[in-house]
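S.K.: Whenever a hint applies, use it, and build me the whole structure from the sequences.
2 protein chains.
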Amino acid sequence: MRLALEEARIGAERGEVPVGAVLVDSETGEVLARAHNRVEADTDPTAHAEILVIREVARRRGEKRLVDCDIYVTLEPCTMCAAAISFARLKRLYFGAYDPKGGAVVHAARFYEQPTCHHRPEVVGGIDEAECGEVLRAFFRARR
Amino acid sequence: MRLALEEARIGAERGEVPVGAVLVDSETGEVLARAHNRVEADTDPTAHAEILVIREVARRRGEKRLVDCDIYVTLEPCTMCAAAISFARLKRLYFGAYDPKGGAVVHAARFYEQPTCHHRPEVVGGIDEAECGEVLRAFFRARR
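Same order as they appear, the protein sequences are chains Y and R. Quick note on full-length UniProt numbering: the first sequence kicks off at 1 and runs consecutively. Quick note on full-length UniProt numbering: the second sequence kicks off at 1 and runs consecutively.
Calculated directly from the structure, the hints in this document are not laboratory data. Each hint can be trusted.
Any copy, or any two copies together, can satisfy a pair, since identical chains are not distinguished.
Below, a list of computed lysine-lysine pairs in the DSSO-like style, where the Cα atoms sit at most 27 Å apart:
| hint | residue 1 | residue 2 |
| --- | --- | --- |
| 1 | K101 | K64 |
| 2 | K91 | K101 |
| 3 | K64 | K91 |
M.R.: Structure (structure tokens):
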């Protein structure tokens, strides 16, 4: 989560909503990819940190399923990313701050509890919650 | 929807789950982008047809929001794509076949009815439903 937070902070400096994600090997913990949101830089509404690390590793490996990988994200994934994590068959999802406004893991759509969800990662939320949330709050405070 | 169906059929020939999408100008109907799923070709679990047309037009325009665009898709969007359509601020969503197994518009997550959804496109489902569904059924029949 340290690295994901570092990514979030890099994102903030670049004017991106500061969320960071890191994809790691489930067994060894080796970092396979890290990213911050690039919605503004790429003018791509789908360029959330989670999508970027999944796409990067899937393409590099030539495999659409990453069953031996875990993802660390500083914020509870949104509906789009929660589904992408499921499609990529990630083993575990560790996230930082809870997101009542946009989250889809323990809020609203609760995708992993839906009958349309065909792979459920193990989920651990609230890791470094205060720090992950503060990066976001500071960003939005400065923009007001 | 004719063009979206054409894309779905091209996808099927290439071994992709045959779903096609077309992004058009809401006013003029001009076709801005068309795509079929490229999950296999790109080894990218997020390369659904809807994501691909949104990304293509957003990048080409240098705009993350495509408020003057409508999307035609042969199948009810999944949870990931329903959210991406909302994030891109598309005006209208026209889809073909209903998808009880994976849809997130009128099934399961029903994303546009969630408090975490901050833009709801106008939705028309069931356009050329029989034909859109048959392309998918034929594909899966042939694979069994």
